[in-house]
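> Protein sequences appear in the order of chains L and S. In terms of my numbering, the first sequence opens at residue 881 and continues consecutively. In terms of my numbering, the second sequence opens at residue 2 and continues consecutively.
Note that these hints are calculated values from the structure, not bench results. Where hints are given, some of them may not hold.
When the alpha-carbon atoms are kept at most 20 angstroms apart in a straight line, the in silico DMTMM-like pairs for lysine to aspartate or glutamate are as follows [said to hold, decoys possible]:
1) L:K1028 / L:D980
2) S:K33 / L:D934
3) S:K55 / L:E1006
4) L:K1021 / L:E1004
5) S:K46 / L:E1004
6) S:K33 / L:D1140
7) S:K46 / L:D966
8) S:K55 / L:D1002
9) S:K46 / L:D1153
10) L:K1429 / L:E1497
11) S:K46 / L:D1077
12) S:K55 / L:D934
13) S:K46 / L:D1002
14) L:K1513 / L:E1022
15) S:K46 / L:E1061
16) L:K1064 / S:E36
17) S:K55 / L:D980
18) S:K46 / L:E941
19) S:K33 / L:E1061
20) S:K55 / L:E1167
21) S:K46 / S:E36
22) S:K33 / L:D1077
23) S:K55 / L:D961
Here are some of the chain S residues that sit facing chain L, going by a computed Cβ distance under 7 angstroms [to be verified]:
24) D27
25) R32
26) V35
27) E36
28) V47
29) T50
30) K55
31) L57
32) D58
33) T61
All of these numbers come straight from a predicted model, not from anything done at the bench. Glycine included, each C-beta is placed from N, C-alpha and C at the ideal position.
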Amino acid sequence: MTPGELLRLRVAFGALGAVPVFLAGWLGWLQVAQAGKLERAGRDPLPLVASTADHQGWRAERIPAPRGSIVDRHGHTLAADCATYDVRVRAGVPPEMLKDVAPFAAWRRKLAEDLTLALVADPEIEDRPGVREKALARLTKEFDRDWKVAALPATGAFPEKHPGVVDVLLASGVDRLAVIEALKRLMRSGYPTVSLDFIQTYQRVYPDRELTHGLVGHQKSEWVPDEDGGRHLRISGACGLETFAALDPDDPGLRRFLRDGRGGRYFVAPVEDAPVAAVLHTTIDLELQRAAVRELTAVAEAPGKSADGKERRPKWGALVLVEIATGDLLAAASWHRDQKNLEGAAFTPYQSLFEPGSIVKPLVLAYAREVGALDWDHVYDCRSHLRHGVDYDRTILPLGRRKAVEDDHDCTDLSAHGILVNSSNIGAALVGLQLEREQWQDYMKGYGFGATLGLHLPYESCGGHNKSSFDPGIPLRSFRANSAISFSFGYELNVTALQVARAYLRLFRGLGAELRLCRGLELDGEFHTVPPRRDTGPRFRDEVLRDVKAAMIDVVSDIEHATGGPLRRDMLAETGIDLHGLLGGKTGTAASRVGVGRGVLKQVRNASFVGFLPADEPRWLAVCVLQRDDSAKFYGGSYAAPPAARLLLRCQTLAERWQLHQESRNGAGGQTRLGSATPGNSGWSDAAGAAPGREHR
Amino acid sequence: MRWAIAGLLFALMVALTLATAALRADNVRARKRVEGVVRALQDRKVELTRLSMKRLDSATPQHLAELQWRWLQREAQRRAGGEQ
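With the sequences and hints as input, model every part of the structure.
Pasting the structure below:
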């Protein structure tokens, strides 16, 4: 190599070597010597360094947490949040139209048409042309408003200070894949200045909604579109299980991603702290709930209107079903005459009060026997004053009660058993007069009349006795003449159907027994059980329960004047099943006057029935109440008893089916599959009650 | 000789730079693809939830009874039409 060549080579490589040196120097100059800060109003200054530039591309989106789900005892969904998108469109004026605004109107119209066409891309959408037309009209209006089209010149350049970018809501509740993909496809073709944001949100859904309005309830008001394109407010406030704080959404999760200069997204990481919805497991059995609603509706709707157009249907009705071993509320149905808004109507099982009438007599007699105020075999003369009843004249008449105590039919000499079978008011009053005032207070407290159910359901009616019933200022004689006698056959007392169910639950299980509506809560995949109450307080003696049950079994028999006789006859004719010995119960009929506002009182009649099944070892308890707002004849045995009895029979059928299902699954020789046979997931507890402690899923 | 080595090293540096840039570009492309898959997956989850709720709703005894009633009515109309 000649010296000249060597020199040229050195110069060339020297120049090449100078390039990185220069770049490094330039980098140092920019990033260190010249590094500055950008002042920002109300925020820290932005350092103009490389990391800042990098972070300009970082984005994070919040993934909202869903509201918790509500399921029945078998895991069937009653309420859940379904993920949907709110789609927002961010559109800028294309650069070529900034110079000439003339084609902008056509471009805007085409954009709106294309977007709305994509919104109805799913062929399963009903009335697609109509839906699209409405969406197009709305979107065009919003584009015109946000782009201030009225102030735009017809030709020439786009005005400098005129809004060039708009951001409008294209649609909410978008959950169809065909629509989502059509929208995304549209954005990939021909609209470089338009972008869509799919904001994740949730829509509350209620499968079998018509069955669960009252118990599951609702959580807020919502606007519902009308058929004519308008909208109306459907619900206001919150009620039912939806008010439980455990269902409130958790903190939202965060998902990070990178965005390039064109808005393209890069994957960075999955969702951090992905929110998981809680699951509230209720004691409701959807199948029985369906049966309860069907039975109650059938009996309430059946009377219709008389020939002269007079309303014969009841004003309202309630039907509840409880599992005695656990206190689980299996079903609760509500019915209102002429109800227009199912969500807004009162949920009768815990909100509608009524005077229970004769269905409290087993409770009164059981209490009286338990405290030693009643000899079960003692025979009372239950004839009325007009028929010279000895006990009446000796015990009731001297008290000077203004309104005579009467029975529906003439009774004679009756023991406690006979008083219940005949539903004798005079007999019950004679027993009730054996109780002291303090004992009546204890009776009210023991059975929970006037006390909350403790289910934490809002707007619960507690009812109870009249305020003045136990006023110490009222003489004892007056208390005995009025309150004690009225209490004996279910007057001067207001209760709800669920309170009656709880009172009977306490009769069977102890005075501390409570109803249960929530079986447990599933949080982050872990099941936290709400165990049935094990300490059910002081229990009635076995002989007390045995005698009361025997009397209630005979209520549903063909004994003369047995008030459940019509039920037995009807069910025998209808289903071929003889209820005597299979089902126990007590009918109730009460005539009351209730306030209907502005001091006006109206005559109402309540027909009620409490039943349990099986008669010898009660597992389920049903209470049915129907109220008519007239004085027509309306008896518990004829009206309220059949739906309760049918529901109890349905309950037994389902339990047997479940048992067969279990036996066939685990029977000898067959395959043993575990799966859903875990404790607490069976839906039916054994006779000894649900296993205490933690449930595993 | 050392100049030749320096030249080769320089070429290696350039090649490394190009390879790194290509790798990064590939990485970006892959990330964009993953992002698309993530979004598409999310869209399908939304669709799945909708369909499962729809299926749940369409399988209620009430709905099935209505469906059967409609079929029966249609069949009755068809037979009535045939008789005429």
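> Which of the numbered hints are not met once you compare them with the structure shown?
4, 12, 14, 17, 24, 30
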